[in-house]
Structures are given as C-alpha cells and as structure tokens.
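Asks: Sequence:
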Amino acid sequence: MRQLPSVSLDEAREIIAAGERRAREVGQPANIAVVDAGGNLVAHARMDGAWIGSIDISINKAFTARAFDIQTGDLADNAQPGSQFFGIHVSNRGRVMVFAGGIPLQQDGQVVGAVGVSGGTGEQDQAIAEAAVAAFRPAG
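Mapping of the sequence shown onto full-length UniProt numbering: residues 1 to 140, in sequence order.
Some hints here could point you the wrong way.
[As the list claims (entries may be wrong)] Across the chosen pairs, the derived CB separations fall in these ranges:
#, residue 1, residue 2, range
1, P138, V90, 15 to 25 angstroms
2, Q3, D48, 29 to 39 angstroms
3, V26, G53, 18 to 28 angstroms
4, G27, M1, 38 to 48 angstroms
5, F86, D10, 31 to 41 angstroms
It is worth saying that the hints were derived from the structure and are not from the lab. The C-beta atom is built at its ideal place from N, Cα and C for all residues, glycine as well.
Please take these sequences and the hints and turn them into a complete structure.
Replies: Below, the structure written as structure tokens:
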C-alpha cells in the first residue's frame, strides 16, 4: 500500500492556533478547518462569536483547496461565467467553494492537506488562512 505524506493532528492544531491569532488581530472571529492529504477533516475550530453558517464553508474551502490543489480565490477567478471552470461550484455535491480563504498545505513541493477559513470578508478570510499556512512546520 502506498502512503501519502499528510498533515498531522498536532500540526493542524498549530495551524489553527496561528489562524486564531490572526483572526483576533483583524478583529474577526472565524471558523478554521484543516484537512489531510485525502481532503478529510483533521481539525476544526469555531472561535467564539464566529457564524455557525460558516462551519461547513470553512471545511469545504479546505476540501476544495486540497481537491484541486489551488487556492480557492484563484479557483474563483476561473469559475466566472465564460471561464474554463464555470459551474465547478456545483460539483462534488456542492462542496466546492469558489471564494477566498482556502489554501493548500505543501511539504517538499507536495500537497499534504489544506486550510479553510470562513467568517469574515474574503480579504479577512484570506489573511487568516495565509497566517495559518505560514505556521505550518511539517514534522520530520
């Protein structure tokens, strides 16, 4: 059996903690999700005051970033009417999110998971996700 490198629970906790710090800095409580190399949820945190409607969105942004190995904001640029991926948001049983806040996690050039953030504006979600990704330190 082939085993893919994947983000661990301990790593996911560190990633989420960094995202929470950035969310507090921007003054926007958020939902922060981390998925593994298979797109499966590893960890999720809903900060106090974050919208409950954003729970699934954060998880699905992380799923989308891993499923297509692309930032969800970049996927959005290609999912507009007339673009090559128009309609992609209805694929995968509607789990595909095409707005900012989902970013793949890479280790040695290989995608090993992803982060998804939801709860604020697209700019806030992206900033929180970027801070979370920047904290990713893969274990040996």
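Asks: Check the structure against each numbered hint from earlier and tell me which ones fail, lowest number first.
Replies: 1
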